[in-house]
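Undergrad: Below are the chains, spelled out letter by letter.
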Amino acid sequence: MTARTSVGSVLPLRVKPFLDADNTAFWTGGADGRLMIHRCRGCGTWFHPPAPVCRACGSLEVGAEQASGRGVVASYTVNVQPWIPGAEPYIIAWVELAEQPNLRLTTNLVDIEGEDVVLGSPVEVVFEQHPDGDVWYPLFRPVDGSGK
Amino acid sequence: MTVIGERTAYISGLGQSAVGRNLGRTEMSLTVEAITNAVADAGLRLSDIDGLVTYPTGGSGTAHGGFGGPSPAAVQDALGLELDFYSGSSDGAAQLQALVNACMAIATGLARHVVVFRTVTEATAQGGGGRRGIGAGTAAVDGAFQYILPFGAVSAACWLAPLARYHMDTFGLAREQLGQLAVVSRANAQLNPRALMRGRTLTLDDYLESRMIATPLCLFDCDIPCDGATALVVSHVDTVADCPHVPVQVNALGTASRGRPSWDQWEDLATFPGRGPAAHMWERTELTAADVDSAHIYDGFSIITTLWLEALGFCGTGEAGAFLDGGKRISRDGELPLNTDGGQLSGGRLHGFGHLHEAALQLRGDAGDRQLPTQPEVSVVTNGAGSTVGCALLTRGLT
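Chains A and B, in that order, are what the protein sequence lines are. Under the numbering used here, read the first sequence as residues 243 to 390, first letter to last. Under the numbering used here, read the second sequence as residues 1109 to 1507, first letter to last.
Any given hint could be a false lead.
Stated by the list, open to error - Partner residues aside, some chain A positions facing chain B, computed with beta carbon under 10 Å:
#, residue
1, 323
2, 360
3, 364
Said to hold, decoys possible - Computed far set for chain B versus chain A, every beta-carbon distance over 10 Å:
#, residue
4, 1182
5, 1185
6, 1218
7, 1246
8, 1280
9, 1298
10, 1309
11, 1323
12, 1395
13, 1429
14, 1475
15, 1479
Since the hints were derived computationally from the structure, they do not count as laboratory data. Virtual Cβ for every residue (Gly too), placed ideally from N, Cα, C.
Taking the hints into account, I'd like the entire structure generated from these sequences.
TA: As structure tokens, this is what we get:
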């Protein structure tokens, strides 16, 4: 069964986050093609989900910075059950970003079939805009040459 | 010297309602049946009960998916109870937090006979349709769910399947090994009159051929929604002379949260957050994993049980596949009998309280046709995964 893997086709309509001061950079960075991840200005630690405090050192001097958008597939599943009728199958992945070990996002993989996904393989971010136009979802696709 | 206050408490009574699919009964009807059975089993009257605790609380009854039964206040009012202590919450050490709260109420002297209950009506709530995704119909999500649900990860199956994939790819866990949990649970269910799957056998081939839910987890890796209520009476040990049967003591609780309390952010993909409470529990007892005679390990999904087996030290990290291989070790006559009532995989999703009930019943020696051939003296119970985990060690008799 071929998974839905084109940007804009994976899910019929994605639920939207409630935007606030902590999460707006993450959910809107895609407008400029930028993956915005929180980072501590004191100790340099990246962290996700975003929060107003560094979970490594307790500093309040934190904020979103542009990450490379590169990472690897830490693990994944091909979801087959029609929780959202008509959407299945689609690939849910945990992507570890290149910036730091265990800096991880839950996301969807696109432009690759489920049977071709390999743990540790390199991926890069691509954004999907909500039809309302105010939220951009970071999805990931194989880095050129690693997928089919 | 660490105070092990939970040993002030013992399980004096056990009760269940009817358990089934689409029973068409209200959550209060099931709850009252379980509680009155438990109180009678303890040799007590409702007027003796001075504490009432549940997981989660009201607000998620049949009209809202059937995940939770009535609130303590609703049950207190229905039964006309006079209470010195009551609590209902989904926070804490998973469903076992209700037991923890009862133990704390007893250890502090706030109450002496606490009813602990858990009611589900998920089968009736789902009716003929399938399970809906979490957040379905929601306008906007916040908190940790906002980083998961928009990607179609709308069931715990989607949050746990990547851990199963990781275990398979990293340690060689095979579906034939994971499937032993489903097969052995199904065999155990044949001896439990309340088990949903009594009368329906399951072979390893049936498991291997079943449809996928979220790869590599298939249908039989998932538990079965049901209707039912479970209740316990937890009492102060100084009442034990009045207990009409073998007391079951709470030897140690595991309530810790160590590491990131999260379904997708837990640091080590080879393990899971159950490591915290498992270590905490062993820190609070002189007993060890080698002393455990029966295990009642949460099985909302089979991979959860696998990760708990490793967390509790029954085998090393990555070794659960070999531990489960062939199924003999976890069978009724194996070295670690597991989920002897059929668990949630074949008994029904009583959501952790089935495990607690069965552990206590086996320790008492009152499990009827499914009583283990060698009387257990020590049993372990675990609940939960991801951001909500807890465990308890129970013993036959008081120490």
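Undergrad: A separate judgement is required for each hint: does it hold in the structure or not?
TA: So, going through the hints one by one against the coordinates:
{"no.": "1", "hint": "323", "in the structure": "holds (5 Å)"}
{"no.": "2", "hint": "360", "in the structure": "holds (8 Å)"}
{"no.": "3", "hint": "364", "in the structure": "violated (16 Å)"}
{"no.": "4", "hint": "1182", "in the structure": "holds (30 Å)"}
{"no.": "5", "hint": "1185", "in the structure": "holds (35 Å)"}
{"no.": "6", "hint": "1218", "in the structure": "holds (35 Å)"}
{"no.": "7", "hint": "1246", "in the structure": "violated (6 Å)"}
{"no.": "8", "hint": "1280", "in the structure": "holds (13 Å)"}
{"no.": "9", "hint": "1298", "in the structure": "holds (27 Å)"}
{"no.": "10", "hint": "1309", "in the structure": "holds (24 Å)"}
{"no.": "11", "hint": "1323", "in the structure": "violated (4 Å)"}
{"no.": "12", "hint": "1395", "in the structure": "holds (33 Å)"}
{"no.": "13", "hint": "1429", "in the structure": "holds (17 Å)"}
{"no.": "14", "hint": "1475", "in the structure": "holds (34 Å)"}
{"no.": "15", "hint": "1479", "in the structure": "holds (37 Å)"}
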